[in-house]
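> Chains as they are written, first to last, in the working numbering: chain A, 1 to 630; chain B, 1001 to 1785.
Quick caveat, the hints were computed from the structure, so don't treat them as lab data.
Note that this is a predicted model, so its numbers are computed, not measured.
Mixed in with the good hints, there may be bad ones.
As a list, the in silico DSS-like pairs of lysine-lysine whose alpha-carbon atoms are at most 25 Å apart [claimed, not checked]:
(1) A:K429 x A:K313
(2) B:K1748 x A:K546
(3) A:K585 x B:K1361
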Amino acid sequence: MRRPKKYESGEATQYISRRAALRKLQLSLNDFRRLCILKGVYPREPKHRRRAQKGSSEIKVLYHTKDIRFLLHESIVWTLRDYKIFAKKSNRDRAIKDFRNLKRRLALFPEIKLDHIVKERYPTFIDALKDLDDCLTLLFLFSTFPSLHLIPREQSNLCRRLTIEFLHYVIASKSLRKVFISIKGYYFQAEIKGQKVTWIVPHYYPFKPQSRQEVDFKVMSIFVEFYTIMLGFTNFRLFHGLNLAYPPQFPSSVLQDSEDSLKDEASFVSDRIAALNFDLLRTDKVQEDEEELDIDMELLEQDGDSKRIIKMKQEAQEVSRLRTLFKGLKFFINREVPREPLVILIRSFGGKVSWDSSIFAGSAYDETDETITHQIVDRPSLATQYISRDYIQPQWVFDCVNQRTLLPTNKYFLGETLPPHLSPFVDSKRDTYIPPEEKALLDPSLIETHAQSDDDSEDEAEKEEEEAVDQELLDAQLQLAYQQETAEYKKYGGPDGVNEDEEDPEDDDEEDDDDEEEEEEEVDEKTKRLQEEKQKMSVQSGKVHKVNKRQVHKAEVDEHRLQARMVKPRHRNLFRKLIREKQTKEKEEWLLRKKRRTIEADNKEARKTAKREARKEAAAAAAKASKLGK
Amino acid sequence: MTKKLGLKRKGKDAEPTKEVAASSEASENEEEEDLLQAVKDPGEDSTDDEGIDQEYHSDSSEELEFESDEEGNYLGRKQSSSAEEDEESGDEEGEEEEEEDDSEDEKEEESPGTSKQKKSDDKPSSSGAATKKASTKELAKGDPSKPEYQDSDTSDEEDIRNTVGNIPMHWYDEYKHIGYDWDAKKIIKPPQGDQIDEFLRKIEDPDFWRTVKDPLTGQDVRLTDEDIALIKRIVSGRIPNKDHDEYEPWIEWFTSEVEKMPIKNVPDHKRSFLPSVSEKKRVSRMVHALKMGWMKTTEEVQREKQAKRGPKFYMLWETDTSREHMRRIHDPVSAPKRDLPGHAESYNPPPEYLFDAKETKEWLKLKDEPHKRKLHFMPQKFKSLREVPAYSRYLRERFLRCLDLYLCPRAKRVKLNIDAEYLIPKLPSPRDLQPFPTVESMVYRGHTDLVRSVSVEPKGEYLVSGSDDKTVKIWEIATGRCIRTIETDEVVRCVAWCPNPKLSIIAVATGYRLLLVNPKVGDKVLVKKTDDLLAEAPPQDVLESERIKTAVQWSNAEAEEQEKGVRVVITHFKPIRQVTWHGRGDYLATVMPEGANRSALIHQLSKRRSQIPFSKSKGLIQFVLFHPVKPCFFVATQHNIRIYDLVKQELVKKLLTNSKWISGMSIHPKGDNLLVSTYDKKMLWFDLDLSTKPYQTMRLHRNAVRSVAFHLRYPLFASGSDDQAVIVSHGMVYNDLLQNPLIVPLKKLQTHEKRDEFGVLDVNWHPVQPWVFSTGADCTIRLYT
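Build the full structure now, drawing on both the sequences and the hints.
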């Protein structure tokens, strides 16, 4: 029997280094990278690196041997090789100025086809939805790009088209759940077929020239190449699920024969599609979303009411409420407000929206429309205001969606200082720090008490200030009044005299008691002793045993510490790590709490001083006025 | 070369140029210097254009050249051409050589008319007729300072025409010569002045500005006024020849009017009227192809191409969840999603999430190690959405995510999501394990130096302590009163009360001597009995070996010490560190760490005899202990513990502690479990029946553990350590052999003060009550109840 050699079986044969993979596939590193990105092949972390690397301990990029063998049979490997040949030949043609041949070659450029890879990477549609996060985030970014050396115009146009289509789906299916304005961009979270899909839309003008070390657009472009195909197929299926026509089209009612539409129909339609403001053409005629939902609810009710079912029911109710959150409201977006995110929000929750027709095509009505209920503005003041509508800042819309109710608009009015914008993605039952704003949202009763306490404190402050003002300004008047009062006392002498009489006898009694005691001591010590003994013997009311809470706590902590020392040696490091994590978490929480306290104290102080000053000024003004009057 | 200078001045050309030069010279000095540069440059260029020049020269006859020139020259040259013809006919040999002369060819471009004169130059020995046709070009190279006749006189010597051809002249930079003349002699470079000479010439020579260097000969050439005028015209973009009239009347050689009748009388061929049959066939074929769809119009092709360009989408998945069996990559691990943002990332976060000055500083300080930062971004607050800019690191973040997706190694890992509490073993609550000491109830003060050791009377009324202040004190436990103080000569290392309740003896290890002291407390009968017992030595029936004799001497105490209570003195040959009694109170063992192979000794009190149980040293002995029931002897060296059977005189077991330095031992009263304390913070519980390795290792203390002790009745043990703590633990041993001992730490009693890195030195239990005594470096003994 042959003696087995080292590294001929087991983990060493499971993994293959990148270098070996390149050699095996006969590809350049660039082509290999492209292949890996498109096929979704990634390096693996072996269980025992040393064993997997056949004894060497330096860190190499390792791939599964099976993955590489899998790549060996991929058809696009041949396309990649064709690219190489194409580049060689076309370069030659260019060099010898054989332009006719070059033209012929360019027409025969080997196209890469990725359809089968999409199917292969995402065997079910749900798999594709699960991986949609990165795809959408990247495509939304690329849809804003200018034409670059490595990113052709067509690619960014395609990205724009696909993302708009996806947004149309989100609006039509009303699947948006959470939104958040971050410093990085707008976060959106939609629930599509039970999968939570989160994507980021960057703020305006995210593109900045980057050095090659910082950002390699080539790599991103390859990702986008795959993601566009994937999103296209996903959109296709999503649209069909909603009985919408794909690619999106408008019903003829929208396409009225106006001058614009007749002039260039294609661009007219694409503009209107990008506006996101119109419903798309449906392949069926009936809309029965609402009915379906009702049926679901009934089914749930029939199932009974275990906790989970109740929870699900509540969730379903909330969602149904969210879907019609803005129903019946008419919004107008001012020109300084970012249009697209707000249109998505308002339209997905049933509101109507429009904007100035000079900013973007597809506005439905003008600013002068009297039926507008809310106008979204983001400037400190506005010259002409309609009394029939609320002028609110854009954050209101976002907060409403996250809270799933229409919040009172007074905090979001034009020019108001906005309340903090909270993230809807944090777990409300977490054990870390929860800011008071969030607590108030979770438990509405807290809002009132908070407000009340604020009012109280303000009232107190006011009283104090009043007193201060009185003392400062009305000293003379007070003195006068006091003198008058004393004069009155002297004149009538009624109730005050009685009081004095009452006080005196008490004093006498005390004196009497003292005298008696002295007498007792002097006269009879024995009886006293007896009495004392008796007192000792007698049943006395027991003292309440006060538990020193701090000591008890300390004892408990000590006990716990001692027990913690009994952790098994093999768990000790893990235990320490866990404890350390816990401690840092607690420290973080403590720090936040402390910061909040100091901030609030400062604010209160500032408010107080401001009020005091205002009052002083008012008082001074009043004094002046009175002087003038005199 | 310069010889033809004068002749050039003849005729109409010479005078006007002079005038122009004279008039312009004064005013345009600066301009002219610029012009010079312009002149130099084209000269250099022309050397490179050698090939073209040659072509031109060889192709064209003289006449053609003239035709290409301006009108004015045309006529003038005609005269000269006749002369040239003469010349050519005269010496045809010159023609071949002429072509070689590249330097002249260059000049020909500037003044084409001069080419003929050059030909005459080809033969330096040519006749006077040839010299008459001096060219402007030659003039340029001539030296104006010399009179004409001089030139003509010296023409033979001075014709240093270079024959190297039109080559880059810098090839000759390294040589003294610059080429070869007609006679194949080297043309030596003229002496070159340095910059100072140049400067001086610039100052002195009024014509410096119009002096150029001939790259071929290396000689200075003074430009004539004519040349300068020519250069000026060229630079200003005019036609070089000033005689040329751009506006002279147009001579219509061919009429522009269309004649009614054809000029030629040949009729058109019939072919030109009839449509081509072959073309018709071809067109019909194309039409057919179009009709059949074999061929497409360019428009159609374009449209198709356009349509084909974008990706095509179709229903890829038939249902949501059905899975088509396909080859996939092996064992796929999906990439984890990005973390969702918290409140801190908001554009308008609650104020406490913003960094204060300290946090900002810290954040900025970790610029090189961004992974250590608390947050990967700096929280910011904006008053309104309008003011929020694009996030500067957005692109970078997306790029890093892409890198993560294709470059980051993936593996499936089980993430441990447990609470720290879960790792603490489930033990019964201390409250259920009472009684055990919880509070300090008595402090025995009186010693003036650290108290090394403590021991309790078997009945539990008195306490003995030995200290570094060379005294042994006997205390009443209940009152804390010091009853007796026995002073010794040296530091008291260890005290031990005899466990036999029928004797009242304390063994005191002080220096080299082991004192057996009668404390004279308690039952007086007992005291008397003990005194009687120790009064006289029993008769020695066995002869002691030399080895023992040199190590130990027994003696009765002297009168002075007798008063203090010392009855017997056993003098050792090395300082004693520890003394311990056997359970019955007849035997006691001492340890002298420096005693090498005699470091452990066993003394028998009744026979006043000593034994040395070991003949070989197995290491530095730290501690010895008698088994409470069996005739076994425990010896702790630094690392290991050996158990010897005293009857069979053999090693029973060796316990491996896996620790650096053992400090003490204590055995469970039943004798099956041993507790070992070590200086490396550990306590080891050995189950002697189970294994030679510790059943449990406890790290209860934060510093070296000095001593451990089992309680005789309660399932308790205590340990004292340098961290000033006495830890009381529950150590239950069950009769059932299958059940493991239960160990629960109960209470940490930390009232001793720290002194010189020492905390608690010794602990001991009360024999009856669950009380523990501890001695410390702070000169006190404390009782915890």
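> Work down the list of hints and note, for each, if the structure agrees.
Each hint, compared with the structure:
1. A:K429 x A:K313: 20 Å, holds
2. B:K1748 x A:K546: 24 Å, holds
3. A:K585 x B:K1361: 21 Å, holds
Comparing the model with each earlier hint shows no violations; every hint is respected.
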